[in-house]
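Engineer: Chains P and W supply the protein sequences, listed in that same order.
For the first sequence, our numbering assigns the number 1 to the initial residue and increments by one for each residue that follows.
For the second sequence, our numbering assigns the number 122 to the initial residue and increments by one for each residue that follows.
No lab work stands behind these hints, which were simulated from the structure alone.
Incorrect hints may have been included.
To be verified - Each computed DSBU-like pair below joins lysine-lysine, with the alpha-carbon atoms no more than 30 Å apart:
1) W:Lys252 - W:Lys201
2) W:Lys253 - W:Lys238
3) P:Lys4 - W:Lys202
4) W:Lys193 - W:Lys129
5) W:Lys238 - W:Lys252
6) W:Lys202 - W:Lys238
7) W:Lys201 - W:Lys238
8) W:Lys129 - W:Lys141
9) W:Lys202 - P:Lys29
10) P:Lys29 - W:Lys253
11) W:Lys201 - P:Lys29
12) W:Lys141 - P:Lys29
13) W:Lys253 - W:Lys267
14) W:Lys253 - P:Lys4
15) P:Lys29 - P:Lys4
16) W:Lys129 - W:Lys202
17) W:Lys129 - P:Lys29
18) W:Lys141 - W:Lys202
19) W:Lys141 - W:Lys253
20) W:Lys267 - W:Lys238
21) P:Lys4 - W:Lys141
22) W:Lys193 - P:Lys29
23) W:Lys238 - W:Lys193
24) W:Lys267 - W:Lys252
25) W:Lys267 - W:Lys141
Said to hold, decoys possible - Some, not all, of what chain P presents toward chain W, calculated at C-beta under 10 Å:
26) Ile40
27) Asn42
28) Ser43
29) Ala47
30) Asp69
31) Ser85
32) Asn87
33) Asn90
34) Val91
35) Thr103
36) Gly104
37) Ser105
38) Asp108
39) Glu111
40) Leu120
Since the structure is predicted, the reported quantities are computational estimates derived from the model, not experimental observations.
Glycine included, every Cβ here is placed at the ideal spot set by N, Cα and C.
One-letter residues, chain by chain:
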Amino acid sequence: MAGKIIADTLEHSTAGSIATNYVVNGSAKAWIQHNAGTSITNSLNYASLTDVGTGNYRPNYTNNMANNDYAAAGFAGNASTSVCSGNEMNVAYVDTFYRVGSTGSVADVSEAQFMVLGDLA
Amino acid sequence: MTQTPEFKGTHLFDRLCWAKENLEPHQSDYRVVYEDSVDECAKILVPDPNWMACALQGGILPPVWVYHELAKDEAQPDFKKHTRGYLLHETEPMPAMTEEEAIEYLIQKDCPEAVWKTYNEGNRLKMVICKKEQLPQTREWRNSWKISEDLQVAA
Numbered sequence: 001m002a003g004k005i006i007a008d009t010l011e012h013s014t015a016g017s018i019a020t021n022y023v024v025n026g027s028a029k030a031w032i033q034h035n036a037g038t039s040i041t042n043s044l045n046y047a048s049l050t051d052v053g054t055g056n057y058r059p060n061y062t063n064n065m066a067n068n069d070y071a072a073a074g075f076a077g078n079a080s081t082s083v084c085s086g087n088e089m090n091v092a093y094v095d096t097f098y099r100v101g102s103t104g105s106v107a108d109v110s111e112a113q114f115m116v117l118g119d120l121a
Numbered sequence: 122m123t124q125t126p127e128f129k130g131t132h133l134f135d136r137l138c139w140a141k142e143n144l145e146p147h148q149s150d151y152r153v154v155y156e157d158s159v160d161e162c163a164k165i166l167v168p169d170p171n172w173m174a175c176a177l178q179g180g181i182l183p184p185v186w187v188y189h190e191l192a193k194d195e196a197q198p199d200f201k202k203h204t205r206g207y208l209l210h211e212t213e214p215m216p217a218m219t220e221e222e223a224i225e226y227l228i229q230k231d232c233p234e235a236v237w238k239t240y241n242e243g244n245r246l247k248m249v250i251c252k253k254e255q256l257p258q259t260r261e262w263r264n265s266w267k268i269s270e271d272l273q274v275a276a
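Given the sequences, and given the hints that come with them, work out the whole structure.
Structural biologist: If you want it as structure tokens, here you go:
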């Protein structure tokens, strides 16, 4: 690697300081944008995406998570009312379901977006 | 061509961040269609373009056996947390792969072992590598998709 700065704290001249573990622990460890499971637009730390079925997509990590106790969030870019739920949090993948409309039916969405925070293996 | 730094011992996530900044994503036309349950529709594995760039570049991704070792740990009933994550970071990275070799690696990494080890046993194929153009052009009746006999293995 080109260089390394080892520091426990970052200090701004006027805005105060922040411990670097906030940065390490608070950064997304994986994110993805894809089109209804058919193609991946952009991502970080994913090797592949499994199209499991309608509205059900499974992003597979390149660098596994350390445990199953991590947090995730996602939404659909093209649906006015949408919810993304992570049904099965696994160290190697997470099953996501996209639900749209007032009935909450599982549905395919374009521009599905998903991100994960937690500890890496 | 961009030269890969010496990455053995570098955290895999750091390598992926380097690749994100330095490598052009590669959109593969290959798709892997597989069935791991008779009660469910066919699943389709889509390679990630940034991951594929890493595979083609070489010197970034760990060997696939590392993931199999981690999977053994995850299968233990008392599994709480990975204690052998160092395998991802300290194992000698894979050299550059062809796109076809990368797909084979990805199958062994992200498809169930029960599928890729016995995909051609039994009455019908459980897994097929194809081009994305061979898939249905719309997602109508997606939850009833099965591997059809005319879905040829990609060359």
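Engineer: Does each hint hold? Answer for all of them.
Structural biologist: Hint check results:
As the CA atoms of Lys252 (chain W) and Lys201 (chain W) are separated by approximately 39 Å, the hinted pair breaks the 30 Å bound. Using a Cα cut-off of 30 Å, the hinted pair Lys253 (chain W) and Lys238 (chain W) holds, with the two alpha carbons roughly 23 Å apart. A hinted pair counts as satisfied when its Cα atoms are at most 30 Å apart, and Lys4 (chain P) with Lys202 (chain W) qualifies at roughly 28 Å. For a cut-off of 30 Å, the pair hint linking Lys193 (chain W) to Lys129 (chain W) stands: about 23 Å separates their Cα positions.
Among the hinted pairs, Lys238 (chain W) with Lys252 (chain W) is consistent with the structure: their alpha-carbon atoms are about 21 Å apart, no more than 30 Å. Between the alpha carbons of Lys202 (chain W) and Lys238 (chain W) the distance comes to roughly 27 Å, so the proposed pair stays at or under 30 Å and holds. The straight-line distance between the Cα atoms of Lys201 (chain W) and Lys238 (chain W) is roughly 28 Å, inside the 30 Å bound, and the hint therefore holds. Taking the CA atoms of Lys129 (chain W) and Lys141 (chain W), the gap is near 18 Å; set against the 30 Å cutoff, the hint holds.
With a C-alpha separation of about 16 Å, the suggested pair Lys202 (chain W) and Lys29 (chain P) falls inside the 30 Å cut-off, and the hint holds. A threshold of 30 Å between alpha carbons decides the hint, and for Lys29 (chain P) with Lys253 (chain W) the separation of about 29 Å falls inside it, so the pair holds. Pair hint Lys201 (chain W) plus Lys29 (chain P) holds up; C-alpha atoms about 19 Å apart against a cutoff of 30 Å. Using a Cα cut-off of 30 Å, the hinted pair Lys141 (chain W) and Lys29 (chain P) holds, with the two alpha carbons roughly 13 Å apart.
Restraint check: the Cα-Cα separation between Lys253 (chain W) and Lys267 (chain W) comes to about 15 Å, which is no more than 30 Å; the hinted pair holds. A threshold of 30 Å between alpha carbons decides the hint, and for Lys253 (chain W) with Lys4 (chain P) the separation of about 42 Å lies outside it, so the pair is violated. At most 30 Å may separate the alpha-carbon atoms for a hinted pair to count; Lys29 (chain P) and Lys4 (chain P) meet this at roughly 20 Å. For a cut-off of 30 Å, the pair hint linking Lys129 (chain W) to Lys202 (chain W) stands: about 23 Å separates their Cα positions.
Between Lys129 (chain W) and Lys29 (chain P) the alpha-carbon distance is near 21 Å, which keeps this suggested pair within the 30 Å criterion. For a cut-off of 30 Å, the pair hint linking Lys141 (chain W) to Lys202 (chain W) stands: about 27 Å separates their Cα positions. Annotation: proposed proximity of Lys141 (chain W) to Lys253 (chain W) holds, straight-line Cα distance about 24 Å (limit 30 Å). Between the alpha carbons of Lys267 (chain W) and Lys238 (chain W) the distance comes to roughly 19 Å, so the proposed pair stays at or under 30 Å and holds.
Pair hint Lys4 (chain P) plus Lys141 (chain W) holds up; C-alpha atoms about 18 Å apart against a cutoff of 30 Å. With a C-alpha separation of about 23 Å, the suggested pairing of Lys193 (chain W) with Lys29 (chain P) holds against the 30 Å cut-off. At most 30 Å may separate the alpha-carbon atoms for a hinted pair to count; Lys238 (chain W) and Lys193 (chain W) meet this at roughly 16 Å. Note on Lys267 (chain W) and Lys252 (chain W): the hinted pairing holds, with a Cα-Cα distance of about 16 Å set against a maximum of 30 Å.
Taking the CA atoms of Lys267 (chain W) and Lys141 (chain W), the gap is about 35 Å. The hint is violated against a cut of 30 Å. Look at Ile40 (chain P): its Cβ gets to within about 5 Å of chain W, closer than 10 Å, so that hint holds up. Residue-level restraint check for Asn42 (chain P) holds (minimum Cβ-Cβ distance to chain W is 8 Å; threshold 10 Å). The restraint placing Ser43 (chain P) at the interface with chain W holds, with a minimum CB-CB distance near 5 Å, inside the 10 Å limit.
A distance limit of 10 Å between C-beta atoms decides the matter here; for Ala47 (chain P) the minimum to chain W is near 4 Å, and the interface restraint holds. At about 9 Å, the closest approach between the beta carbon of Asp69 (chain P) and any beta carbon in chain W falls short of 10 Å, and the interface hint on this residue holds. The restraint placing Ser85 (chain P) at the interface with chain W is violated, with a minimum CB-CB distance near 18 Å, outside the 10 Å limit. Interface hint status for Asn87 (chain P): violated, as the beta-carbon distance to the closest one in chain W is roughly 14 Å, over 10 Å.
Evaluation of the Asn90 (chain P) hint against chain W yields a held restraint, the C-beta minimum of about 8 Å falling below 10 Å. This hint holds: Val91 (chain P) has a C-beta 6 Å from the nearest C-beta of chain W, less than the 10 Å allowed. For the restraint placing Thr103 (chain P) at the interface with chain W, the shortest Cβ-Cβ distance is roughly 17 Å, beyond the 10 Å limit, so the hint is violated. Hint on Gly104 (chain P) is violated. Least Cβ distance to chain W is approximately 17 Å, over the 10 Å limit.
Restraint check, Ser105 (chain P) versus chain W: the minimum CB separation of about 12 Å is more than 10 Å; hint violated. Checking Asp108 (chain P) against chain W by beta carbon gives a least distance of about 6 Å; that is within 10 Å, so the hint holds. Given the 10 Å rule on beta carbons, the hint for Glu111 (chain P) is violated: about 15 Å separates it from the nearest Cβ of chain W. For Leu120 (chain P), the interface hint holds, since its Cβ comes within 10 Å of a Cβ in chain W; the closest pair sits about 6 Å apart.
The structure shown violates the earlier hints numbered 1, 14, 25, 31, 32, 35, 36, 37 and 39.
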